[in-house]
Amino acid sequence: MKNKLMHLSNETMNVGFVKKVEALSGSSVRRCFQCGKCSAGCPMSAFMEHPPNRIVRLLQLGQGQRVLAGRSIWYCASCETCTTRCPNKVDLAAIMDALRKLSWDADGPSKESYVQLANRLFIENIRTYGRQYELRLGAAFNMKSGQFLKDLMLGPKLISKGKLKMFHSKNKNIGEIEAIFKRIEEMRKKGEAL
Amino acid sequence: MTPGKKRLNYSYYPGCSLHASGREYDISTRALFKALNVGLKEVPDWFCCGATPAHNVDELLSLSLCAKNLSLAEQVEGDLAVACAACFSRLKTTQHHLKEDEERRKQVETAIAGPAALDKPVKHILEILAREFGLSKLEESVKKPLLGLKVASYYGCLLTRPPEVPELDDCEDPSIMEDILRALGAEPVQWSHRMECCGANFTLSRPGVVLKLSNAILESARRAGADCIMVACPLCHGNLDIRQKEIKDAYGAPDSTLFGNIFGSELQQGASSDQRDLPVFYITQLAALAMGVPSGNLGFESVITDPKPLLREKQLL
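Sequence order for the protein chains is E and W. When we follow the numbering used here, the leftmost residue of the first sequence carries the number 1, and every step to the right adds one. When we follow the numbering used here, the leftmost residue of the second sequence carries the number 1, and every step to the right adds one.
Since the hints were derived computationally from the structure, they do not count as laboratory data. You can take every hint at face value.
List time: in silico DSS-like cross-link candidates among lysine-lysine, alpha-carbon distance up to 30 Å:
| id | chain 1 | residue 1 | chain 2 | residue 2 |
| --- | --- | --- | --- | --- |
| 1 | E | K190 | W | K99 |
| 2 | W | K150 | W | K123 |
| 3 | E | K144 | W | K212 |
| 4 | W | K144 | W | K123 |
| 5 | W | K150 | W | K245 |
| 6 | W | K41 | E | K165 |
| 7 | W | K120 | E | K170 |
| 8 | E | K144 | E | K161 |
| 9 | E | K172 | W | K120 |
| 10 | W | K150 | W | K137 |
| 11 | E | K157 | W | K248 |
Here the structure is a predicted model, which is why all the values come from computation and not from measurement.
Just chain E, with the same shape it has in the complex:
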C-alpha cells in the first residue's frame, strides 16, 4: 500500500465490511483492546506484514481493503492459539476465516494465491471424489502453480512407501456431496446464507 497515512472519514472507513466480518465470524472486533497477546503467541506472525492484533485494529478502523490487500490472512495456520489466549474473547481464528471467505468471494485481491490455489484444489477434490486424492492434489498444485519440480524427489519415495496411492476411487455415495455443494450455492443465490 503506497499511502501509509491513514485518513479516517466516512469515505475511507468501510463499516459495512466490518459488519460482514462480524456476522460471518460471530465475533466482535470492538472487544479488542490491543494487548497483543494473539500476536505474541502466533507461530506465523513472523511471516505476516500485519500481525493478528493489527488486523483487528485495522478492522476497528474500517480498513478492510488494507487487510485483504496483504498476505497476512493467507499465512494464518488456523492453530487457534490466538482465540485460546484472548482475554476478551475475540475469536480471531474465526475472524481470519471470515476474511479469507470475503477475499475468496471477491476472487482476490490477495497476493498469496498459492494458498488460495491449494484450498481450491482441496475443495475440488472433495466435490469430485468425496475424499482427498493426495497424489492429484500435489500434482495439480505443481502444474497450476508452475512449480513443476516442487517436491519432485518426495513423490516417488512416498509412492514406494505406500503413502501416496496412484489410483483413487470415488465414494459410492458421491451424489450426496454434489447435492450439498449445489444446495449451498442455491442458498447463497437466494440470500439465505452468507
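Put chain W on the given structure of chain E with help from the hints.
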C-alpha cells in the same frame, strides 16, 4: 457402561490421511484396538471432513460436510472414535457450533437435507485410551514395557484448542500423552515446543514455512534429550517425519553469521551440531508395540525416518 463387564465398542472415522499418507496410523490403530479387545467399526462411505481448507474459505461447507459425516456415523453403534487431530477438531467444532447457533443449524440442515445428528459423542483415541479404557488397565495390558525410551510428546494445535471445543485436556498444559507414555513404561521428556504449530497444511502451498517451524520443534526435542517424537496427527507426522531430511539440508549447517557467533547457538534455530535423526511415532504404534503386537503389523515400513535402529538399540524389536 457397566464397569469391567461390557466390551467397549466404537464407530470409527479414519479420515483421508489415514487411508493415504498416514496409513500406518490407521494400521496401528486397528492393531492396537484389536490387542486391547476394543471394538472398532468403520463408518461406511464417510466423506472428507474438509479439514482446514474448507473452513478457511467456506465455513458453511465445512460444517455441512462434518454434519453429513456425523449423520453417516449414526448408522454404526458406539461413540465415534477419531484418530486424526484435524478430523477430530472439525467434527467436535461442528457439534459445538450447531448446538449453540440455531440459525446456522437450520442452514446446515437445509444443505444436507436432513437433521444434523449432534448427540453422538466424538472421542479422540487418546481420550479412549486414557479415560475410557483407563490408564491402569492400559498399564496392566502392557506385555513389553518401553523401558528407557525417551519420548517427546507433541500435541500440536488442534487436540486441545480452542478450550471449549475438544474438551480433551488443558489447552496450555496438557498431560494426557505423557500419562499414556508412563503407563506404557516409556519416559516422557520435558520440552518447550510440544504445543507449537508445525505449519500444518502449508506443506503443500508454503513448504518453506513448514521447514522453519518444524525445525524449531525437532531442535527443541533434541535439546531435551528425546530419542523420538510421539504424535497423534497425520499432518504433524508428515511434516516432522517426511520432511526431516529437507529440514536438515536447510538448517543443518552450523551457523557462521555474525549474529550466530555473538549469541551462540542457543538463539539460532539451525545452529545445533547435533543432527540425530528423530523417529516420529504415532501414539498407536508405540502403544501397540508395548502391547506385544509384532512390529511387522504396525506400518513401520511406511515411515521415512527409520525407527528400527532406535528400537533395536532399546531392545524393543
